[in-house]
Amino acid sequence: MAKNKIINWKPDRSKFPDIGQDGKPVVDLASQKYVKIWHGPNHPGVTGNMSLELTVNGDEIVDAKTHVGYLHRGFEKLMERRKYIQCFPIVCRMCVAETDFPEYIYAAAVEDLANIEVPEMAQWLRTLVLEMSRLQTLLRVVPGQGGTIGLGLGVQWGVYLRDLILDLFEELTGGRIYHMYIIPGGVRGLLPDGFKNRMEEILKKVDDYVIRLTSLMYDNAVYKKRTIGIGVIPTDWVDKYGIVGPNARAAGFKRDIRKDNPYLIYGQLDYEPFTTTESDIFARAVVRLEDLKTTVDLIRQIIAKMPLNGDIKAKTPNVLHWKIPKGETYVKSESSRGEFGFYLVSDGSEYPRRINLRGPSYTHAITVLEKLLINANISDVSALMVSLQTCPPEIER
Amino acid sequence: MKELLQRLEYRFDVSDIVQKRENQTFLTIDKKHTISLITHLRDIENFSHFVLLTAVDWIEDNLFQLTYILHNPEVNIDIAIRTMISRDNPEMDSAHHLWEQVATYQRELKEMFGINFPGSPGVNDSFILEGWDDIPPYRRDFDTKKYTEETYFPRPGRQTNDPAEYMKNKLYPNG
Amino acid sequence: MSEINNKNTSGIEKDKFFAPENEKRTVTAPDGQIIEIDPLNDYFCGDAPRVHKPHKNKLFESFLNWARAESIWVLGFGTGCGSIELYPLLTPRFDAYRFGIQMAPTPRQSSLMIISGYLSVKTLKRVVRSYEQMQNPKFVMGLGSCTINGGMYWDSYNTINRLDYYLPVDTYIAGCMPRPEALLAGFNHLKKAIKEGKGEGANKYAENFEWYKANQKKIIKDWNMPDYNW
Amino acid sequence: MGVFTKIPYVLLGLFILINYGLLVTGIFRRISARIGKRIGMPVYQPWINLVKLYAKRSSVYHGIMFYLGPVFRLGGGVGIFLFMPLIFGSEYFSNFSFAGDLILIMYFMFFGMLGMALGAGEGGHPYSAIGISRGLAQFTAIELPLTFAIIAIAIQYQTLSLTEIVAAQQGGITHWVLFTNPFATAAGMLSFLGAMGASPFNVVRAPQEIPIGPPVEFNSGFLAVLRTNAALLHIVEAILWMNLFFGGATNWIELFIKSFCVYFFALFVGTVFPRFRVDQSIRWYLKVPLILGILAILYIKFI
Numbered sequence: 001m002a003k004n005k006i007i008n009w010k011p012d013r014s015k016f017p018d019i020g021q022d023g024k025p026v027v028d029l030a031s032q033k034y035v036k037i038w039h040g041p042n043h044p045g046v047t048g049n050m051s052l053e054l055t056v057n058g059d060e061i062v063d064a065k066t067h068v069g070y071l072h073r074g075f076e077k078l079m080e081r082r083k084y085i086q087c088f089p090i091v092c093r094m095c096v097a098e099t100d101f102p103e104y105i106y107a108a109a110v111e112d113l114a115n116i117e118v119p120e121m122a123q124w125l126r127t128l129v130l131e132m133s134r135l136q137t138l139l140r141v142v143p144g145q146g147g148t149i150g151l152g153l154g155v156q157w158g159v160y161l162r163d164l165i166l167d168l169f170e171e172l173t174g175g176r177i178y179h180m181y182i183i184p185g186g187v188r189g190l191l192p193d194g195f196k197n198r199m200e201e202i203l204k205k206v207d208d209y210v211i212r213l214t215s216l217m218y219d220n221a222v223y224k225k226r227t228i229g230i231g232v233i234p235t236d237w238v239d240k241y242g243i244v245g246p247n248a249r250a251a252g253f254k255r256d257i258r259k260d261n262p263y264l265i266y267g268q269l270d271y272e273p274f275t276t277t278e279s280d281i282f283a284r285a286v287v288r289l290e291d292l293k294t295t296v297d298l299i300r301q302i303i304a305k306m307p308l309n310g311d312i313k314a315k316t317p318n319v320l321h322w323k324i325p326k327g328e329t330y331v332k333s334e335s336s337r338g339e340f341g342f343y344l345v346s347d348g349s350e351y352p353r354r355i356n357l358r359g360p361s362y363t364h365a366i367t368v369l370e371k372l373l374i375n376a377n378i379s380d381v382s383a384l385m386v387s388l389q390t391c392p393p394e395i396e397r
Numbered sequence: 001m002k003e004l005l006q007r008l009e010y011r012f013d014v015s016d017i018v019q020k021r022e023n024q025t026f027l028t029i030d031k032k033h034t035i036s037l038i039t040h041l042r043d044i045e046n047f048s049h050f051v052l053l054t055a056v057d058w059i060e061d062n063l064f065q066l067t068y069i070l071h072n073p074e075v076n077i078d079i080a081i082r083t084m085i086s087r088d089n090p091e092m093d094s095a096h097h098l099w100e101q102v103a104t105y106q107r108e109l110k111e112m113f114g115i116n117f118p119g120s121p122g123v124n125d126s127f128i129l130e131g132w133d134d135i136p137p138y139r140r141d142f143d144t145k146k147y148t149e150e151t152y153f154p155r156p157g158r159q160t161n162d163p164a165e166y167m168k169n170k171l172y173p174n175g
Numbered sequence: 001m002s003e004i005n006n007k008n009t010s011g012i013e014k015d016k017f018f019a020p021e022n023e024k025r026t027v028t029a030p031d032g033q034i035i036e037i038d039p040l041n042d043y044f045c046g047d048a049p050r051v052h053k054p055h056k057n058k059l060f061e062s063f064l065n066w067a068r069a070e071s072i073w074v075l076g077f078g079t080g081c082g083s084i085e086l087y088p089l090l091t092p093r094f095d096a097y098r099f100g101i102q103m104a105p106t107p108r109q110s111s112l113m114i115i116s117g118y119l120s121v122k123t124l125k126r127v128v129r130s131y132e133q134m135q136n137p138k139f140v141m142g143l144g145s146c147t148i149n150g151g152m153y154w155d156s157y158n159t160i161n162r163l164d165y166y167l168p169v170d171t172y173i174a175g176c177m178p179r180p181e182a183l184l185a186g187f188n189h190l191k192k193a194i195k196e197g198k199g200e201g202a203n204k205y206a207e208n209f210e211w212y213k214a215n216q217k218k219i220i221k222d223w224n225m226p227d228y229n230w
Numbered sequence: 001m002g003v004f005t006k007i008p009y010v011l012l013g014l015f016i017l018i019n020y021g022l023l024v025t026g027i028f029r030r031i032s033a034r035i036g037k038r039i040g041m042p043v044y045q046p047w048i049n050l051v052k053l054y055a056k057r058s059s060v061y062h063g064i065m066f067y068l069g070p071v072f073r074l075g076g077g078v079g080i081f082l083f084m085p086l087i088f089g090s091e092y093f094s095n096f097s098f099a100g101d102l103i104l105i106m107y108f109m110f111f112g113m114l115g116m117a118l119g120a121g122e123g124g125h126p127y128s129a130i131g132i133s134r135g136l137a138q139f140t141a142i143e144l145p146l147t148f149a150i151i152a153i154a155i156q157y158q159t160l161s162l163t164e165i166v167a168a169q170q171g172g173i174t175h176w177v178l179f180t181n182p183f184a185t186a187a188g189m190l191s192f193l194g195a196m197g198a199s200p201f202n203v204v205r206a207p208q209e210i211p212i213g214p215p216v217e218f219n220s221g222f223l224a225v226l227r228t229n230a231a232l233l234h235i236v237e238a239i240l241w242m243n244l245f246f247g248g249a250t251n252w253i254e255l256f257i258k259s260f261c262v263y264f265f266a267l268f269v270g271t272v273f274p275r276f277r278v279d280q281s282i283r284w285y286l287k288v289p290l291i292l293g294i295l296a297i298l299y300i301k302f303i
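Protein chains in written order, with our numbering: chain F, 1 to 397; chain X, 1 to 175; chain U, 1 to 230; chain Y, 1 to 303.
If you're looking for bench data, these hints aren't it; they were derived computationally from the structure.
The structure displayed is predicted, hence computed values, not measured ones.
Where a beta carbon is used, it is the ideal one built from N, C-alpha and C, also for glycine.
Mixed in with the good hints there might be a few duds.
Sample of chain U residues lacking proximity to chain Y, with all beta carbon distances greater than 12 Å (derived) [unchecked claim]:
#1 D31
#2 K58
#3 I148
#4 W154
#5 D164
#6 V169
#7 K198
#8 N215
#9 K217
Derived lysine-lysine pairs resembling BS3-like cross-links, with alpha carbons at most 27 Å apart [what the hints assert, rightly or not]:
#10 K204(U) - K53(U)
#11 K31(X) - K326(F)
#12 K259(F) - K204(F)
#13 K36(F) - K221(U)
#14 K259(F) - K20(X)
#15 K213(U) - K146(X)
#16 K145(X) - K326(F)
#17 K217(U) - K146(X)
#18 K65(F) - K221(U)
#19 K170(X) - K313(F)
#20 K24(U) - K36(F)
#21 K170(X) - K83(F)
#22 K83(F) - K168(X)
#23 K145(X) - K221(U)
#24 K254(F) - K2(X)
#25 K313(F) - K196(F)
#26 K301(Y) - K287(Y)
#27 K213(U) - K145(X)
#28 K221(U) - K146(X)
#29 K65(F) - K24(U)
#30 K293(F) - K305(F)
#31 K323(F) - K170(X)
#32 K323(F) - K20(X)
#33 K83(F) - K20(X)
#34 K146(X) - K218(U)
#35 K313(F) - K168(X)
Bound conformation, chain F alone (with noise of 0.2 Å):
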C-alpha cells in the first residue's frame, strides 16, 4: 500500500446518500434501494454478543451503527455493594477474554490508594501471569484473523497451543479462565515445581506455530488478497478517536504502556513494540503477530531473570475490614487489545465508592467501527471487527 493512499483515504460517497445535518447519511428505507440488515448478536462472525444495524446497497455498506448492552451486568454497580476483597472474584470476570488484566489493575488501584508497596517476587509473579494471559489471548485472536475468512485450520492449530497455556495457569492457580490469582499486596502462590521447564517445551511449540502460521496464512495470496489496503485506518484517526494498543502500532504511533509508563518490572526487560505504516488489516495481523512473538520472548526473559524465591505478599490488614483512604486514581496496563484502566474511588469507607473500567473496544468497537464500516463490503464486516479485536463486555461491562 502506499503511503499517501492512507493519507488521502476518503470513503467514496458518490453513490451513496446525502449527509444529513447530524452528520448521518439519510437514508430513505422507503425508496427501496437500501436493506438493512441486523447483523448479530445471533451471528457467528460477531466477536462476541454485540449487533450491527447495516444499511446496505447491494453488497455495499451505506450506514452502521453498533448494538451493545447485551452483556450489561451492572459490575460498577454490584461492586460498590462489594467490600474490597469481595471485589476480586466479580473484577475478573469482566472481560473473559483476559481475565488477569481487570485482576492486576484492580489490585494495583487498591495498592495505589492504601499505599502498600508490593514485593519484588510478586511483580515478577504478576508479569509472568499477564504475559501469558496475553499469549493464550494473542492464540486465539492471531489465527482468528483468518478464521473470519473462512482460513479455519489455524484457529484448529491455535487453540489447541491456547489450551496447553491454560494448562499451565490451572496448575498455577487453579483456575483454567478465570484465576482470581492476584490478591491485594501480591499474589497468591509461588511456581510450581518444573514449571519453568513446562512452560519452556510449550514456548517451543509455539515457536514452531508461528512459522507455520506465517507460511498458512500471512504468505497466503488469497489471505493478502482480502486483507491488504481494507479497513485503513488513517493516521489522524488515531488521537482523534483515542485508538490504542495494536491498532495504533500499525498506524505507526509507538504507543505501548508497558514502554511508555513502565509498571510492574517491565523497566528490567528489554524489548521494543514493533510499529508499521500500512494499517490495514493485514497490517494490525502483522502487528499482532509480532506481539505474540515479542510475548514469548518476554516470557523466556522473565523466567530467565526472575528471582528463585522470596516474598509474594505484602502485609495488608485484616480485608474484612479493610478501610481504604479517601482518594481517587487511575491505573493503566497495556492489555491485548491496548490501554485497559480502572478508574477507583474511594470515600474511606470498606466498601469501594465508585469503579470504572476503560476498554479500548469502547471507541474501537463504536466510533472506529462505525467509520469504518461504510464503505466497505458487507464480507469485510466479521474481519474488520476482529482486526480491531472488539470485545463486547468492556463496553458494557
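Fit chains X, U and Y to the given chain F structure using the hints.
Then chains X, U and Y, alone, in the frame of chain F:
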C-alpha cells in the same frame, strides 16, 4: 509536570491539586470553565488522547462528580479533571466536538446516571439498557438487590452471609 | 390467525418503545406503484406454538430419538462469557465433533440452544426469538451457575436469576465457568435424556405457553414484537 | 435394452451414488478434521444427520416456491445423474446417455441453482438474497472456462456425447484428455473447485459473513432434501469431471477410486485457502482459467 500545573494555575481557577504519582494529577475546576480547560489542554498542551469520562455520585453532598481523564502521549502524563455538578438538575456542557467518542460516554452517563448533555448526538437513545423505566441504575439511591428480588424469580435456598460475621463465628464459635 | 395479529398489533401501538419501522404505512415503489405495508403482519406469524406428539410406534420413535441424540446441532449464539469455552470444545483438545455435535449458524437448522452463562434482559429477548424460530424437537442447555440461580450476578438488576422461568431447560451444567469436560458430560447427559424420550422441552413450552409468556413479559419491558414470532 | 427395463438399474445407480456421496462427505469431514489435528466426526454421521432432519416434527414454509426450491435443486442433481454414463461399456449403468447429453448436463448444472434461487428468494431473508446473487454471479464466471474446456474436447473428438468422449479416451493413460489436452484439464479442474463450492470460492455460503447463504431459511425436511442433493450433486460432478478428463471408468471399483481422487482435489485445495470475495473470485475466473480455456481450444485447433 510542575511547570504545566503552574501554567494551568495561572490561567485557570483550578483547586484541589493531588499528584498521586509523578505522571498522574487530579485537579478540580468549576463547571463553567471545564470545557475551556479541556480544550486548552487538548490544543495547547498536547493532551490529545481522551481516556475516559465518568461520574461519581456523592449523594450525601447532593452532587455528581464528573471526571475527565486526558493523556499526553508525547510525555506520557495523565491529567484528571474533576468537576462538581448539582444532583437536582444534572446538566453539563457537551464535549463531543473535541473528540467524537465522548458522545458515547455522554450517552452512557445519561442512561446510567441521568446526567443530561444537551446537544450531544444521540444522547437520548438507549445505549445499554432496553426499556428501563426505573431511576437510573448507577445512582446510589437505586437498590439493585431489592429490584432483583422484586423482578426476577430468585431460587429459594440461597444463603447470604456477611463475611466478617461468618468468619468470626467460624473461627471463634464461643464468642 | 388474523384475529391474533390484530390483537398483537393493537396491544403494541400504545407502547412507548414501539419501533417506527414497525408501523403501518404506505410506500411508493420506484415504478410508481403504491404498496401498503404492515410489518408486523407481513414479517411475523401469529400462530402460537403447537404440541407435536411423539410417534405412536414406540420402537420407531426410539430410533428417531437415537438419531436426534447422535446429531445435535448447536446454535452458534454466544449469549454470555461461557462461550469462550466453546472454542476448546470444537478444537483438537476436546473435539466434540466425535459425539455428533456440530455448530449450526441459524436457529432454523439447529436443535440445541446453549445459554452460555448469565443472561441479560436485552439478550433474553433475542434468545426467546431465536428459540421460537427453532424447530420441534429442540433442547436448551443452561451453562454455568448464572442460569441456575443467578450465580455471581444474583443481585444484578439486569441479569435473570432462573432460566427455567423463561425457557424449558433440559440440562443444567454447574460451575463458573464450566470446564469443557463438564460440557462433554452435560452433552452425554442430554443425549441419555433424549434417548429415553425425555427431550420434550418444545412441547412443554407449547403447553405452558401462557405462563412462559407472562414471565417473559414481566421483565422484557419493550415488547415491540408479536407474542409468537417464528 | 428398452427404456423401461433400464429404470430399475437407474434407480439402483442413484441409490448407490447417494450413499457413496454421503460416505465421501463423511470421509471428507474426517480428513479435514485430521488436518486440524482433530479426530473428527464418525463416518456415518451424514446418515444420522439426514434421519434427524427428516424426523423433525415441525417445519416452517414461506409459500409454494419455498417448497419447490429444494425439489428443483434435487431435480438438477438427479438430472445430471440421469444423462451421465457411469460405467463405460456397461449396458446397465450408462443411464439415459445419448448423443447430445453433454449440453443437457451443462443445462442441468445451472437449473438447480436457478430453482434454488427462486425458493430461497421466497424465504425472505436478506442473507439468502445476498447469497443467491453471489452464487449466480460466481457460477456464471465458473461456467465460462468449463464451457471452453468442453468445447475443446468436443472439437477434439468431434462429438457431444459423453459416452463417445469416454470411448475415445480408452486404451491407456496417455489417451486421457489430461495428456492429450492439458490446458482443457487445467481449466476444467479450476472450475471444478468453484462448482464444488470448495474454499477459495465458497463465498456463497460463507458462515462468517452471510450465515449460511441461500439455505438460511430452510429447515427440517427442506434442508434434508438439500443435504441429499448436495451429497449426490458433488459426487456426480466428480464423475462428470472424471468422464471428461480422466478417461471414465469401466467398472465400479475404478469409478470409486477415480471419483474419490477428483473429489479430494477440492478438499486439499480448500483446507489451506481462505475464501475470495465474490468480485475477486469472478475476476480471478475471468483471468487465469478463462485464458487456459482459450488456450485449450487453440491447442486443439492448431497443434
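For each hint, the structure was consulted:
no. : hint              : in the structure
1   : D31               : 19 Å, holds
2   : K58               : 15 Å, holds
3   : I148              : 29 Å, holds
4   : W154              : 34 Å, holds
5   : D164              : 22 Å, holds
6   : V169              : 20 Å, holds
7   : K198              : 16 Å, holds
8   : N215              : 23 Å, holds
9   : K217              : 24 Å, holds
10  : K204(U) - K53(U)  : 11 Å, holds
11  : K31(X) - K326(F)  : 23 Å, holds
12  : K259(F) - K204(F) : 26 Å, holds
13  : K36(F) - K221(U)  : 24 Å, holds
14  : K259(F) - K20(X)  : 20 Å, holds
15  : K213(U) - K146(X) : 24 Å, holds
16  : K145(X) - K326(F) : 26 Å, holds
17  : K217(U) - K146(X) : 20 Å, holds
18  : K65(F) - K221(U)  : 23 Å, holds
19  : K170(X) - K313(F) : 25 Å, holds
20  : K24(U) - K36(F)   : 17 Å, holds
21  : K170(X) - K83(F)  : 19 Å, holds
22  : K83(F) - K168(X)  : 16 Å, holds
23  : K145(X) - K221(U) : 19 Å, holds
24  : K254(F) - K2(X)   : 26 Å, holds
25  : K313(F) - K196(F) : 21 Å, holds
26  : K301(Y) - K287(Y) : 21 Å, holds
27  : K213(U) - K145(X) : 24 Å, holds
28  : K221(U) - K146(X) : 18 Å, holds
29  : K65(F) - K24(U)   : 24 Å, holds
30  : K293(F) - K305(F) : 18 Å, holds
31  : K323(F) - K170(X) : 23 Å, holds
32  : K323(F) - K20(X)  : 19 Å, holds
33  : K83(F) - K20(X)   : 23 Å, holds
34  : K146(X) - K218(U) : 16 Å, holds
35  : K313(F) - K168(X) : 23 Å, holds
Of the numbered hints given earlier, the model fails none.
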